[in-house]
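*Asks:* As a plain string of letters, each chain reads:
2 protein chains.
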Amino acid sequence: MMEESVNLNSTLDPKDWSSMRSMGHEMIDDIMDYLEGIRTKPVWQEIPAAVKDSFQSPVPQKPSTIEEVYHEFKTNIFPYTKGNIHPRFFAWVQGTGTPFGVLAEMLSAAMNPNVTIGEHAPMYVDQQVVNWCKQIMNYPESATGILLSGASMANITALNVARNSQLKLNIRKTGVKAVPGQLVLYCSAETHSCIQKAAEVLGLGTDAVRKIKTNSDYQININELVKAIEADLAEGFYPFCVVGNAGTVNTGAIDPLDELAAVCLKYNLWFHIDGAFGALAKLVPAYSARLKAIEKADSVAFDLHKWMYMPYEIACVLIKDNHAHRSSFAVTPEYLLQQERGLAGGPDPVNNYGMELSRSFKALKVWMSLKEHGLEKYAEVINKNILQAFYLEKLVQQADNLELLCPVNLNIVCFRYVHQGLSVNDLEELNKEIIIQLQEQGIASPSSTILNGIYAIRVCIVNQRTLQADLDLLIEEIIRIGDQLIVSLNFAL
Amino acid sequence: MMEESVNLNSTLDPKDWSSMRSMGHEMIDDIMDYLEGIRTKPVWQEIPAAVKDSFQSPVPQKPSTIEEVYHEFKTNIFPYTKGNIHPRFFAWVQGTGTPFGVLAEMLSAAMNPNVTIGEHAPMYVDQQVVNWCKQIMNYPESATGILLSGASMANITALNVARNSQLKLNIRKTGVKAVPGQLVLYCSAETHSCIQKAAEVLGLGTDAVRKIKTNSDYQININELVKAIEADLAEGFYPFCVVGNAGTVNTGAIDPLDELAAVCLKYNLWFHIDGAFGALAKLVPAYSARLKAIEKADSVAFDLHKWMYMPYEIACVLIKDNHAHRSSFAVTPEYLLQQERGLAGGPDPVNNYGMELSRSFKALKVWMSLKEHGLEKYAEVINKNILQAFYLEKLVQQADNLELLCPVNLNIVCFRYVHQGLSVNDLEELNKEIIIQLQEQGIASPSSTILNGIYAIRVCIVNQRTLQADLDLLIEEIIRIGDQLIVSLNFAL
Chain Z
1 MMEESVNLNS TLDPKDWSSM RSMGHEMIDD IMDYLEGIRT KPVWQEIPAA VKDSFQSPVP
61 QKPSTIEEVY HEFKTNIFPY TKGNIHPRFF AWVQGTGTPF GVLAEMLSAA MNPNVTIGEH
121 APMYVDQQVV NWCKQIMNYP ESATGILLSG ASMANITALN VARNSQLKLN IRKTGVKAVP
181 GQLVLYCSAE THSCIQKAAE VLGLGTDAVR KIKTNSDYQI NINELVKAIE ADLAEGFYPF
241 CVVGNAGTVN TGAIDPLDEL AAVCLKYNLW FHIDGAFGAL AKLVPAYSAR LKAIEKADSV
301 AFDLHKWMYM PYEIACVLIK DNHAHRSSFA VTPEYLLQQE RGLAGGPDPV NNYGMELSRS
361 FKALKVWMSL KEHGLEKYAE VINKNILQAF YLEKLVQQAD NLELLCPVNL NIVCFRYVHQ
421 GLSVNDLEEL NKEIIIQLQE QGIASPSSTI LNGIYAIRVC IVNQRTLQAD LDLLIEEIIR
481 IGDQLIVSLN FAL
Chain X
1001 MMEESVNLNS TLDPKDWSSM RSMGHEMIDD IMDYLEGIRT KPVWQEIPAA VKDSFQSPVP
1061 QKPSTIEEVY HEFKTNIFPY TKGNIHPRFF AWVQGTGTPF GVLAEMLSAA MNPNVTIGEH
1121 APMYVDQQVV NWCKQIMNYP ESATGILLSG ASMANITALN VARNSQLKLN IRKTGVKAVP
1181 GQLVLYCSAE THSCIQKAAE VLGLGTDAVR KIKTNSDYQI NINELVKAIE ADLAEGFYPF
1241 CVVGNAGTVN TGAIDPLDEL AAVCLKYNLW FHIDGAFGAL AKLVPAYSAR LKAIEKADSV
1301 AFDLHKWMYM PYEIACVLIK DNHAHRSSFA VTPEYLLQQE RGLAGGPDPV NNYGMELSRS
1361 FKALKVWMSL KEHGLEKYAE VINKNILQAF YLEKLVQQAD NLELLCPVNL NIVCFRYVHQ
1421 GLSVNDLEEL NKEIIIQLQE QGIASPSSTI LNGIYAIRVC IVNQRTLQAD LDLLIEEIIR
1481 IGDQLIVSLN FAL
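Line by line, the protein sequences give chains Z and X.
Under the working numbering, the first residue of the first sequence carries the number 1, and numbering increases by one thereafter.
Under the working numbering, the first residue of the second sequence carries the number 1001, and numbering increases by one thereafter.
Treat the hints as calculated values from the structure; they're not laboratory data.
Warning: the hint list may mix true and false statements.
[Unchecked claim] Derived PhoX-like pairs: lysine-lysine, alpha-carbon spacing no greater than 20 Å straight-line:
no., chain 1, residue 1, chain 2, residue 2
1, Z, Lys296, Z, Lys320
2, Z, Lys177, X, Lys1320
3, Z, Lys62, X, Lys1377
4, Z, Lys266, Z, Lys168
5, Z, Lys177, X, Lys1168
6, X, Lys1134, X, Lys1015
7, Z, Lys168, Z, Lys134
8, Z, Lys227, Z, Lys266
9, X, Lys1227, X, Lys1213
10, Z, Lys134, Z, Lys377
11, X, Lys1168, X, Lys1266
12, Z, Lys134, X, Lys1062
13, X, Lys1177, Z, Lys173
14, Z, Lys296, Z, Lys134
15, Z, Lys134, Z, Lys292
16, Z, Lys15, X, Lys1377
17, X, Lys1320, X, Lys1134
18, X, Lys1177, Z, Lys177
19, X, Lys1266, Z, Lys168
20, X, Lys1015, X, Lys1074
21, Z, Lys62, X, Lys1134
22, X, Lys1211, Z, Lys173
23, Z, Lys211, X, Lys1173
24, Z, Lys377, X, Lys1015
25, X, Lys1296, X, Lys1266
26, Z, Lys227, Z, Lys211
27, X, Lys1168, X, Lys1320
28, Z, Lys377, X, Lys1062
Make a model of the complete structure from these sequences and hints.
*Replies:* If you want it as structure tokens, here you go:
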């Protein structure tokens, strides 16, 4: 082996540190210019075909200068952004981030630890941030938790613990095949698809997910839930869990969490809450009572890159029963060669609480951002988003040619442009086109959904940058584009 | 709701952009100073109790200035680093990152897209990087893949596809309970614990993992494997998968992949390769033949934050059968409101290929880094690490009081300091203390393992910054500390 003529001292570090340093400064200026001026930019713009083609090129064999690479980024990537950092992005539930959050991510990459094992400061910051999450949700100190990429992973993690801990059986060892009867879990029909995905991954299967009908307000129907549980018990199924929603993705509905908690208590079921974005409304006085029942749940999942406006990715799952949590993931503790001193000391390894062994220092952006703003400021901005949704609802109700499709109850507004004489299908086409034109003209990015078979423009506000004027403009432009489409050939009556 | 006195125009953006900009520049300088001078810093240092205490403070309610927050970071976090970016970090399998990679992470956070759905450039970059990974592993164009946090998630993802696609049953729908017989999978006893964790999460259970004995070279024993499969078939179990190792965590062993492929073909088993770090040795001429069988596997998992020296987190899983992959994760395609134009257009949503819906723009650091250096440079540095391991082996063999515990075959060297007359236990204590003192004195960070019951100093080189002189120093210092310990009271004979 040693005969090969390879330089034993070859590295990837720059030969010229000063140009790497200048590059960093140039990027800082470009980023700050961009963020400071974000309001003047289009929310979204079409990607030219030539730019798309550039992403077809094969893996580079030879080096380029860092200036060339950055130039290509600025030309082909940076302008064709998703737009979720823009004040008029209202699609899906995607947060904005903050400038200090961007810098935190840079520092995190500079330290570049794997935050799973060892005695080093990032382990303690990670732990502290989980403790802060417990304080935010008013979970007991004895609860455990873990920071993850997003609510999907947080929900899968919680349901894995729920599955493993509901039976006297050792499911980790035997698998679910040993369970007498089929394990089943319950959630409303408005529940996010990641719960279904979790059931599939965990080996329970989609059939194990009972999607319970909702009331007209899109909350789970408790009577239907109880009926389903009773029927399953009678038929020999094994009910083990109820998933409640704190903010559904379609309408922001909050399930009656207190009633769900009572049902879970009665039937001895694990109570999990998917609070991807909505759980954070707990910080807002008007919602703290409705969301207090989160404290009764066995576990809660929520994102920090949504309604805490941190850069992607960062979510948290909290589990009240620390033993159930650890014993669902810890791999034979005697195998871990932990020491009392040195690098191999440190807190309980984080892989004892989840699936990952590779974890970046994502806690740092939470640590820095929460110190920067303080929790009260987050509560204020979340409250602002909610009040903006109510403000938008009023604007919709005041406009002759807009129809509200669901009363606002959190931060989501669903409505459509209407015009006398148009069929449901015509209105769907019309509203689809309105959304697309809003995007193509770079004005705003709402998304869409279907409510009771009706196509809706869906405006979801988890945006720290949105101002009142953005909502005024959104409504004006929807009406303008709708009116134009009506007079155009396609939608002429 | 509207009566509350909340400012509808409150944001988290800085009032003073110029100080945020200055802060960014200050951080760039600090980071570049730090990275440029990394060699002069201790690899690791103890965290003072007062610093640890600071991480006990409750969630901040009130804001701090960004200067205060950064000062606290520089005082309490930055100095107490894990050390894996240092040239003499050899513990576990943790990569170093690069300066340009740090800047890429900053740009990624500045754009801050969720890279799952939509028509925007990061979706195409993500796709391109997956294609590059296919080219690196010489997988067919028709293969699919996904970028993930690490090899644990990559392995779970692959095994989920393996589990779902090996039977005519619809396991996604029915769960594993419907399988006639218990599903079982095979791997060597040296296989990483994440395979066991995967089996647990997937509802198969630890019992489903058959850990096959290894030969003296720590590779899976093919005869034992075949015997186990035959025995399981005879007893009504349902064998579905073999996991081969391209680089085990203890010794860097590479299983006989060609023979494993033949066994899988014969018994119609899914062939998965855990190539967390070792798969990348495929780029090195001396290993390309031994690792060519990766191309015969149904799936392969590997990290880019290990032996591609990218900042955490970034891994990839490739699945040869794109249908098996997509149909294991895609949630009812008709539900996805994809459009032909606008933001809601774009490539096939990435959540159709994995568990996550929230995904950061981790592809950007791969895109920028591969363009910066070119693949040939990576091959050179990986080769350097391997040759450094062989160089270190020679140094160990040449030293009277060092004993090699396993012949080097990749990038890991296991050995111990020995002294005549000391028992196995004494030697274990002695070598533990040597490792800890290396760390406490800030000299180097090897890790440890147990091989055939013998405690070993384990040096794993996946470090772009390591130079030949670092290995010379490591050996000198191990001998110096060992000799000192021998003459000290504790280890006097």
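*Asks:* Each hint should be assessed against the structure and marked as holding or not.
*Replies:* Outcome of the hint check:
Distance hint between Lys296(Z) and Lys320(Z) is fulfilled; the C-alpha atoms sit about 9 Å from each other, no more than 20 Å. Between Lys177(Z) and Lys1320(X) the alpha-carbon distance is near 29 Å, which puts this suggested pair outside the 20 Å criterion. Under the criterion of a C-alpha separation no larger than 20 Å, the hint pairing Lys62(Z) with Lys1377(X) is consistent with the structure, at around 8 Å. Of the pairs offered as hints, the one joining Lys266(Z) and Lys168(Z) holds, with about 19 Å between alpha carbons and a cut-off of 20 Å not exceeded.
With a CA separation close to 18 Å, the supplied pair Lys177(Z) and Lys1168(X) stays within the 20 Å bound. Distance hint between Lys1134(X) and Lys1015(X) is unfulfilled; the C-alpha atoms sit about 46 Å from each other, more than 20 Å. This hinted pair does not check out: Lys168(Z) and Lys134(Z) have alpha carbons roughly 28 Å apart, beyond 20 Å. Between Lys227(Z) and Lys266(Z) the CA atoms are separated by roughly 13 Å; this keeps the pair inside 20 Å, and the hint holds.
Between Lys1227(X) and Lys1213(X), the direct Cα distance comes to roughly 11 Å. Compliance with the 20 Å bound is thereby established for this hinted pair. Between the alpha carbons of Lys134(Z) and Lys377(Z) the distance comes to roughly 18 Å, so the proposed pair stays at or under 20 Å and holds. Under the criterion of a C-alpha separation no larger than 20 Å, the hint pairing Lys1168(X) with Lys1266(X) is consistent with the structure, at around 19 Å. Restraint check for Lys134(Z) and Lys1062(X): satisfied, since their Cα atoms lie roughly 18 Å apart, inside the 20 Å limit.
The suggested pairing of Lys1177(X) with Lys173(Z) holds, with an alpha-carbon distance near 15 Å, which does not exceed 20 Å. Restraint check for Lys296(Z) and Lys134(Z): the C-alpha separation of about 13 Å stays at or below 20 Å, so the hint holds. The suggested pairing of Lys134(Z) with Lys292(Z) holds, with an alpha-carbon distance near 13 Å, which does not exceed 20 Å. Taken as a hint, the Lys15(Z) and Lys1377(X) pair is honoured in the structure, with Cα atoms around 14 Å apart against an allowance of 20 Å.
Restraint check for Lys1320(X) and Lys1134(X): satisfied, since their Cα atoms lie roughly 10 Å apart, inside the 20 Å limit. Our distance criterion of 20 Å between C-alpha atoms is met by Lys1177(X) and Lys177(Z), whose separation comes to about 5 Å. For the proposed pair Lys1266(X) and Lys168(Z), the alpha carbon gap of about 39 Å is over 20 Å, so the pair is violated. For the proposed pair Lys1015(X) and Lys1074(X), the alpha carbon gap of about 24 Å is over 20 Å, so the pair is violated.
A C-alpha spacing of about 18 Å is found between Lys62(Z) and Lys1134(X), which places the hinted pair at or below 20 Å, so the restraint holds. The straight-line distance between the Cα atoms of Lys1211(X) and Lys173(Z) is roughly 14 Å, inside the 20 Å bound, and the hint therefore holds. Under the criterion of a C-alpha separation no larger than 20 Å, the hint pairing Lys211(Z) with Lys1173(X) is consistent with the structure, at around 14 Å. The straight-line distance between the Cα atoms of Lys377(Z) and Lys1015(X) is roughly 14 Å, inside the 20 Å bound, and the hint therefore holds.
Distance check on the hinted pair: Lys1296(X) and Lys1266(X) sit about 13 Å apart at the alpha-carbon level, within 20 Å; holds. Restraint check for Lys227(Z) and Lys211(Z): the C-alpha separation of about 12 Å stays at or below 20 Å, so the hint holds. Taking the CA atoms of Lys1168(X) and Lys1320(X), the gap is about 19 Å. The hint holds against a cut of 20 Å. Note on Lys377(Z) and Lys1062(X): the hinted pairing holds, with a Cα-Cα distance of about 8 Å set against a maximum of 20 Å.
Hints 2, 6, 7, 19 and 20 from the list above are not met by this structure, while the remaining hints are.
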